[in-house]
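Engineer: One-letter residues, chain by chain:
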Amino acid sequence: MTDDRSIEVVGLVREFKGGVRAVDGIDLHVASGEIYGFLGPNGAGKSTTVKVLTTLLPPSAGRATVAGHDVAGAGAAVRAAIGVALQDVALDPMLTGREHMRLQGGLQGIPRAQRGPRGDELLERVGLIDAADRKSSTYSGGMKRRLDLALALLHGPRVLFLDEPTTGLDVQSRTSLWDEVARLAREEGTTVFLTTQYLEEADVLADRVGIIDRGTIVAEGTPAALKAQVSTPTVEVIPREPDDCAGACDALAPFGTPVAERSAGSVAVRLNTGADQLADIVRALDGADIAVAHLALHEPTLDDVFLAKTGRSLEGAGAGEPHAAAEPDREQATA
Amino acid sequence: MSAAALAARGGVLSQVGLLAGRSVVHAMRAPAQLVFPIVFPLVLLAVNTSGLDAATKLPGFPTASYLDFALAVPFMQGALFAALNGGQDLARDIENGFLDRLALTPMSGGALLAGQLGGALFTGVVSAILYLLVGVAIGAGIAAGVGGALVLLVLAVTICMAFACFGTFVALRAGSGEAVQGFFPLFFVLLFLSSAFFPRDLIEQDWFRTIATYNPVSYMVEGLRSLVITGWDTGALAASFAIAAAAIVLFLALSSRALRTRLVRT
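Line by line, the protein sequences are chains A and B.
Going left to right, the first sequence walks through residues 37 to 371 as our numbering numbers them.
Going left to right, the second sequence walks through residues 7 to 272 as our numbering numbers them.
None of these hints come from the bench; they were simulated from the model.
Treat the hints with caution; some may be incorrect.
[As the list claims (entries may be wrong)] Which stretches of chain B does chain A cover? Using the computed rule of at least three CB atoms under 8 Å from a CB of chain A, they are:
#, stretch
1, 31 to 42
2, 108 to 122
[As the list claims (entries may be wrong)] Pairwise CB distance ranges (calculated):
#, chain 1, residue 1, chain 2, residue 2, range
3, A, K53, B, G147, 54 to 64 Å
4, B, V41, A, V240, 45 to 55 Å
5, B, G116, A, A149, 19 to 29 Å
6, B, Q187, A, G177, 20 to 30 Å
7, A, G192, B, V131, 35 to 45 Å
Glycine is no exception: its CB is placed at the ideal position from the N, C-alpha and C atoms.
Using the sequences and the hints given, assemble the complete structure.
Structural biologist: The structure is reproduced here in structure tokens:
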């Protein structure tokens, strides 16, 4: 069992006082070495799921095993196998980065002689070695996140839980954290269970995505498969001469359904099949003698998936009412 | 004891050391946490000694020096501050999620409590020694002699731990720094409604004397004071130690129960 890095969840329920079911019967399987993105709006049940899987909350019903150990019955074994960075960075403002590593290393039972080198190695890896002797209260948001991640990794966990690891980070910090998470899965075979409310994060990082809404999983699969399920890509063309718009429209018509124009002077269709029609589209435009200034392929986004499954848009959905502005044809500019 | 049990015990001891070290670092890095508990009671001692010295002329006042009489008070106030600071530290761990981080390691709950109290012990020892040195330097005499001074330190630290256990309990139970802070005025009232500033038998108001008689703080103060003004008063010492020890046992038990609820890890 010692090399088990998987997560198995069957019928997991977590009910709070007053009968609120934050997690309402979810099933999921995360294979060893996989990055699983758990995507959903605020209040969907992501953090509660993480707390149950990391043994910080007992499940109300159902069963979950992490790294081969039952979360309810073998908490200590689960904790020994996992690394956790919770949604709020959990740091001691009075301790330096290096002191955090030493404290964590000691509590994790790392032999004294190895604590220093191992801590420094991780501080180096997350780019904090120069700030190692500064109190964590002086760190920026991104630095705190990175220290939090380094602490989670100190004992070499087989399964890593990251609860909204990039919320509130600037683009640069976010990208560097993504790189590190991807490296962990690729090079060290660490299984990563990552919750996020950012579509892009799930899309870029996750091998597979589970979409959670109001405590239940509404869709699951690879980002590509999920997107393919709900919609096909859209092709957008901007002719060099604005007068050619009508011609471009005719040329594109055989390939799909016209959709509302995305930007001024453009023509767009949602393709009948996949992106393999692109060459034919170019030939058709060429045949119609239309000079093209701009041609773009827009993939459907995970937001389209969320929208199709829940009738609401993920962004700004929160735990609230169905989104009034969620038109079925909504397009995303970020493909 | 099996090798595994020995290793586990070594692990727990090392955890206590790590966590106590953290508490001490907190005390050292937040000067306000160390300076206030030490300076404020001394200032109050100076003010009271100069202002209330005339009280010693009352017939039946147990000593001719109000300084000697009041020297026990800073030890009590220092204990209050130690409890407040320790409790707030722990409450902050709960509030900012650091306790969850600790809970995810193999740390034992007992090690957390012991480490937490280790910090209070450190503050308690440092401040008690300082109060004693300052007291003697400005003219207080310890009736029980050098041995009495040592017992005074031990008793003061025991009382400090009793209050620290209470602070720990409130922090774990309420999980908020405000709640810990909220108890602070209450304890000051308890201190003022005790025999800390006036001997019980000289308190004229009946209600005040009654409260002071039932107030356990009176007996803690009187134990400390007996060493300064009386010499060896076994009864007063026994009562003082017994009340402090009972409080330690009670609040430690309540704390570990509250910790179990707080650390709901499976």
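Engineer: Against this structure, judge whether each hint is valid.
Structural biologist: Hints and how they fare:
1. 31 to 42: holds (count 4)
2. 108 to 122: This one holds; 6 residues, not fewer than the three required, reach chain A with a Cβ under 8 Å.
3. A:K53 with B:G147: 54 to 64 Å: holds (60 Å)
4. B:V41 with A:V240: 45 to 55 Å: holds (50 Å)
5. B:G116 with A:A149: 19 to 29 Å: holds (26 Å)
6. B:Q187 with A:G177: 20 to 30 Å: holds (28 Å)
7. A:G192 with B:V131: 35 to 45 Å: With Cβ atoms ~39 Å apart, the hint holds.
The structure agrees with every numbered hint stated previously.
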